[in-house]
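J.: Spelled out from the first residue to the last, the chains are:
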Amino acid sequence: MGMKTFDQLDETLHYEELANGLKVYVLEKKGFNKTYATFTTHYGSVDNHFKPLGKDENVKVPDGIAHFLEHKLFEKEHGDVFQDFSKQGASANAFTTFNRTAYLFSTTGDVKKNLTTLIDFVQEPYFTEKTVEKEKGIIGQEIRMYDDNPDWRVYFGLIENMYHHHPVKIDIAGTEKSIAKITKDDLYECYETFYHPSNMILFIVGPVDAKDILSFVKDNQSQKTFKEKENIERFFDEEPQTVAKTKKVIEMTVQTPKCYMGYKEAAPNRQGKELMKHELSVNLLLEMMFGKSSPNYETLYEEGLIDQTFSFDYTEENGFGFSMLGGDTGSPDEFVERISGMVEDFKQHSIDEDSFDRARKKKIGAFLRSLNSPEFIANQFTRYAFNEMDLFDVIPVFESLTVRDVESVLQNHFKKEAMTVCQVQKKKS
Amino acid sequence: MGKLGCRHNERGTYPMGIVNHKKTDLHGMTVHTIETKKYKTTSFILQVKEPINEKNVTKRALLAYVLQSGTKDFPSSKELRSALDDLYGATLNADLSKKGENQVISIRMEVANEKFLSNSEPVLDKAFHLLSQVLLAPALEGDVFKEGIVKKEKRSLKQQIESIYDDKMRYANKRLLEEMYDSEPYRLNVYGNGDEVDSISPKELFDYYQEVIRNDKIDLYVIGDISTDEMVDKVSKHFRFSKDRKEDETKAVNAADEKRISEVKEIFEEQDVQQGKLHMGYRTYTTYADDDYFALQVFNGIFGGFSHSKLFMNVREKESLAYYAASRFESHKGAVFVMSGIETANYEKAVKIIKEQHEEMKKGKITDSEFEQTKAMINNQVLETIDHPIGLSEVLYHNVVAGTNRSIEDWMEGIKKVTKDDVVAVAKKVTLDTIFFLKGAGTNGNENV
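Protein chains in written order, with my numbering: chain A, 1 to 429; chain B, 1 to 449.
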């Protein structure tokens, strides 16, 4: 069992890797009512081409299957696990991202009972043809709900523009057509491959006794048997550095057009500290270029090209990475022209130390603020851990960044030829 | 309570276990302090309340955004934002909400607790100063708001109002309220009316602002690793109101819902959407201050508040008609709203199932496990909500809106005491008023290059 203290943050993290490979982390949060736990597998929508555990042939599975599996894991022979949690005074949920599937609960009541429910339901799949069929109607409506959401459409449209082959361009939920093909055997095959304990992280945060919780989990796991752990082989087609499409317009029944633009990262294969440094550098640079206290923001706002919905972000995982900027705008084409012009202009001038320091302070403050949230800690810690990073390194890494780091991402990431645009425009009647 | 007590006209302390909440009245503003070591930040939440009304609704929305765009010392948005960044990325945002028939401006600020910063800087005093300036010393030009700021914020507000139409769930909800409350102030949208924005002049807005500062009910919540005495000291130093400030008591609204329903209103609208948005509005004749408020909470929980609720189980799990089928309630207007996204062709079927669930509850068809699970979940929800500074302030602010004095413990005790009979009694009061259905034509989102 290990323990790490982060004095500056006044936090202590307890952890242990169990014999079956499961990594367990417990963060004690005194004074909180709520305990929040996530049980996450390193498996998401991009993992659609792989070698199933114990087999020789690679398979390609239908789009949307990781998300479908997430829905179906809640259903058991005795009924719905949601009910078990609510009987125990906990609320449960789950979500699927590009490369993670997380199951979670929060409770102010009996932590151990709910923890047992969480671990056991995720580790005991029960899929039947009948329940799989029933879910297709529900997920079909979930897909349609997103289809009607212009913010989702413009966000996803931009990612589609960026990638030629990488499955990050496939909608996490798939399509009504692709999920129609999913069978219970497909679900079992994905489950067996990706839900091995060695591919998973359990994170518990709340007013708990860490040692007690760790030994409780250990006990639960020692009573179960698992297959020998194997390395998971995932396959991805070679992805060119160029974007697949430079512009797309989606017509919807909206009054205000939406515009997102983004830059595709040329070499998204960093891990660990290097990835953290890169990610934080790009985000810091975006803050300097387009944050609310920047001259550019003021100009764009004054010109009426952006409003309160304007936001930006950079994200990178093993195999894909991109920055995006966007929001509602009256003039989507002008928006693109102005922003890309501002980026080019930024490259021409040296970076000013004052605005660098200010942006860094802002980012550190924002990070401290997010540590108020147990959800943030558990979800982000897990995401970082799957990429060999440590969430609690964020402040020291921010403090170690220099103007030179930011200059380097400015020249290397924000390249004109890596840019693409997606717009939602008012439907012509 | 301490040596400062004599300076202030009232200082009450709730007998608190879970939350250490103290109230101090200072020149017509109520300061609520909550001392806790849970957070790495200190939060300030200003709540400024007035009954929502046709005359001021749009001005008030605009005012919220103008206030957060500049102060006397930092007369532009850029300067104000830089000052916040220098305070270790303090956040400041103003927004609006409707609580019953009140339109509330909330100005929230959150600053890092200096003890977690490497070079501990005194950020708290600066934060108080900044926040007080946002409310009391706005950026002026001549004797009115700066025209440039007003102009920009008008454009932004118009865009915000328009964007409701673009989010079909929000749009359907807005339409439901307009139809259901067609002759009550609650029909008004909290962001105002798009066609009124342009005509508001900086002078007119400033006159209205002065009224707000003179007459509105103002509450300030300070939450974090703080000391009440110190905070009260700082507040009285930084927040100085003019002498003629006097809360306008006649403004308090607590109108009981008198409207009886003879026939359910059914409104259809067609748009090019892939999924129909079904919204149903019920009157409950129960609000926060009422004794059966807790029973209403439990009613809503069993009806559609959770994933074990009747709506979720029947509309989604049993019939696969929807991904979401839920209900929520509004504490101060006393309404329950149902929402679900369905195939347009399934309208009749979905409405029938939803109505049936309500009928079942009227007949007392509530299982022990539905009942117990719901109470456990509500309890859980309250405790979770107060783990977050904003959630905590919202829970406490209910008392201000309703004119009550309930502690968190009273709240939990209230839920505990609810019986099945109480829930059935509420179910019988709850009456469907209006159904709004946004029908789909089904070709939304065609792509072209």
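To be clear, the hints were calculated from the coordinates, so they are not data collected in a lab. The reader is advised that the hints may include incorrect statements.
Lysine-lysine pairs mimicking DSS-like chemistry, simulated, CA-CA at most 27 angstroms apart [to be verified]:
#	chain 1	residue 1	chain 2	residue 2
1	A	Lys30	B	Lys37
2	B	Lys363	A	Lys113
3	B	Lys154	A	Lys87
4	A	Lys134	B	Lys439
5	B	Lys72	A	Lys292
6	A	Lys134	B	Lys428
7	B	Lys115	A	Lys181
8	B	Lys55	A	Lys76
9	B	Lys23	A	Lys30
10	A	Lys177	B	Lys318
11	A	Lys112	B	Lys72
12	B	Lys259	A	Lys292
13	A	Lys130	B	Lys318
14	A	Lys87	A	Lys277
15	B	Lys174	A	Lys426
16	A	Lys87	B	Lys365
17	A	Lys427	B	Lys439
18	A	Lys87	B	Lys355
19	B	Lys23	A	Lys87
20	A	Lys29	B	Lys115
21	B	Lys318	A	Lys136
22	B	Lys146	A	Lys130
23	B	Lys115	A	Lys4
24	A	Lys292	B	Lys126
25	A	Lys87	B	Lys146
26	B	Lys115	A	Lys277
27	B	Lys420	A	Lys427
28	B	Lys174	A	Lys428
29	B	Lys37	A	Lys4
30	A	Lys113	B	Lys417
31	A	Lys134	B	Lys126
32	A	Lys136	B	Lys72
33	A	Lys30	B	Lys38
34	A	Lys29	B	Lys37
35	B	Lys355	A	Lys136
36	A	Lys112	B	Lys37
37	A	Lys87	B	Lys416
38	B	Lys126	A	Lys136
39	B	Lys355	A	Lys134
40	A	Lys426	B	Lys154
This structure is a prediction, so every number in the text was calculated from the model and none was measured.
J.: All the hints need checking, so say for each whether the structure fits it.
T.: How the hints compare with the structure:
At most 27 angstroms may separate the alpha-carbon atoms for a hinted pair to count; A/Lys30 and B/Lys37 meet this at roughly 9 angstroms. Straight-line distance between C-alpha atoms of B/Lys363 and A/Lys113 comes to about 34 angstroms, which puts the hinted pair past the 27 angstroms bound. The suggested pairing of B/Lys154 with A/Lys87 is violated, with an alpha-carbon distance near 49 angstroms, which exceeds 27 angstroms. For the given pair, A/Lys134 sits about 24 angstroms from B/Lys439 by alpha-carbon distance, which is consistent with the 27 angstroms threshold.
A distance of roughly 19 angstroms separates the Cα atoms of B/Lys72 and A/Lys292; the hinted pair therefore holds under the 27 angstroms criterion. In summary, the hint linking A/Lys134 to B/Lys428 is not supported, as the alpha carbons are separated by about 34 angstroms, beyond the 27 angstroms threshold. Proximity of B/Lys115 to A/Lys181 is assessed by CA-CA distance (about 56 angstroms); at most 27 angstroms being required, the pair is judged violated. At roughly 56 angstroms between alpha-carbon atoms, B/Lys55 and A/Lys76 are farther apart than 27 angstroms, so this suggested pair is violated.
With a C-alpha separation of about 25 angstroms, the suggested pairing of B/Lys23 with A/Lys30 holds against the 27 angstroms cut-off. Our distance criterion of 27 angstroms between C-alpha atoms is met by A/Lys177 and B/Lys318, whose separation comes to about 22 angstroms. The straight-line distance between the Cα atoms of A/Lys112 and B/Lys72 is roughly 54 angstroms, outside the 27 angstroms bound, and the hint therefore fails. Distance check on the hinted pair: B/Lys259 and A/Lys292 sit about 47 angstroms apart at the alpha-carbon level, beyond 27 angstroms; violated.
Between A/Lys130 and B/Lys318, the direct Cα distance comes to roughly 12 angstroms. Compliance with the 27 angstroms bound is thereby established for this hinted pair. Distance hint between A/Lys87 and A/Lys277 is unfulfilled; the C-alpha atoms sit about 44 angstroms from each other, more than 27 angstroms. A C-alpha spacing of about 21 angstroms is found between B/Lys174 and A/Lys426, which places the hinted pair at or below 27 angstroms, so the restraint holds. Taken as a hint, the A/Lys87 and B/Lys365 pair is honoured in the structure, with Cα atoms around 18 angstroms apart against an allowance of 27 angstroms.
Distance restraint check for A/Lys427 and B/Lys439: the Cα-Cα separation of roughly 17 angstroms lies within the 27 angstroms cut-off, and the hinted pair is therefore satisfied. For the hint linking A/Lys87 to B/Lys355, the alpha-carbon distance of about 25 angstroms falls within 27 angstroms, and the restraint holds. Taking the CA atoms of B/Lys23 and A/Lys87, the gap is near 37 angstroms; set against the 27 angstroms cutoff, the hint is violated. A C-alpha spacing of about 17 angstroms is found between A/Lys29 and B/Lys115, which places the hinted pair at or below 27 angstroms, so the restraint holds.
A hinted pair counts as satisfied when its Cα atoms are at most 27 angstroms apart, and B/Lys318 with A/Lys136 qualifies at roughly 13 angstroms. A distance of roughly 65 angstroms separates the Cα atoms of B/Lys146 and A/Lys130; the hinted pair therefore is violated under the 27 angstroms criterion. At roughly 20 angstroms between alpha-carbon atoms, B/Lys115 and A/Lys4 fall within 27 angstroms of each other, so this suggested pair holds. With a CA separation close to 19 angstroms, the supplied pair A/Lys292 and B/Lys126 stays within the 27 angstroms bound.
Distance hint between A/Lys87 and B/Lys146 is unfulfilled; the C-alpha atoms sit about 56 angstroms from each other, more than 27 angstroms. Between B/Lys115 and A/Lys277, the direct Cα distance comes to roughly 25 angstroms. Compliance with the 27 angstroms bound is thereby established for this hinted pair. Straight-line distance between C-alpha atoms of B/Lys420 and A/Lys427 comes to about 51 angstroms, which puts the hinted pair past the 27 angstroms bound. A C-alpha spacing of about 24 angstroms is found between B/Lys174 and A/Lys428, which places the hinted pair at or below 27 angstroms, so the restraint holds.
Restraint check for B/Lys37 and A/Lys4: the C-alpha separation of about 21 angstroms stays at or below 27 angstroms, so the hint holds. The hinted pair formed by A/Lys113 and B/Lys417 meets the criterion: a straight-line CA distance of about 25 angstroms does not exceed 27 angstroms. Between A/Lys134 and B/Lys126 the alpha-carbon distance is near 58 angstroms, which puts this suggested pair outside the 27 angstroms criterion. Of the pairs offered as hints, the one joining A/Lys136 and B/Lys72 is violated, with about 58 angstroms between alpha carbons and a cut-off of 27 angstroms exceeded.
Using a Cα cut-off of 27 angstroms, the hinted pair A/Lys30 and B/Lys38 holds, with the two alpha carbons roughly 7 angstroms apart. For the proposed pair A/Lys29 and B/Lys37, the alpha carbon gap of about 11 angstroms is at most 27 angstroms, so the pair holds. Annotation: proposed proximity of B/Lys355 to A/Lys136 holds, straight-line Cα distance about 25 angstroms (limit 27 angstroms). Annotation: proposed proximity of A/Lys112 to B/Lys37 holds, straight-line Cα distance about 25 angstroms (limit 27 angstroms).
Of the supplied pair hints, the one linking A/Lys87 and B/Lys416 holds, its CA atoms being roughly 15 angstroms apart against a limit of 27 angstroms. Proposed proximity of B/Lys126 and A/Lys136 is contradicted: the alpha carbons are some 55 angstroms apart, above 27 angstroms. This hinted pair checks out: B/Lys355 and A/Lys134 have alpha carbons roughly 23 angstroms apart, not beyond 27 angstroms. For the hint pairing A/Lys426 with B/Lys154, the CA-to-CA distance comes to about 22 angstroms; that is within 27 angstroms, so the pair holds.
Hint violations for this structure: numbers 2, 3, 6, 7, 8, 11, 12, 14, 19, 22, 25, 27, 31, 32, 38, all remaining hints satisfied.
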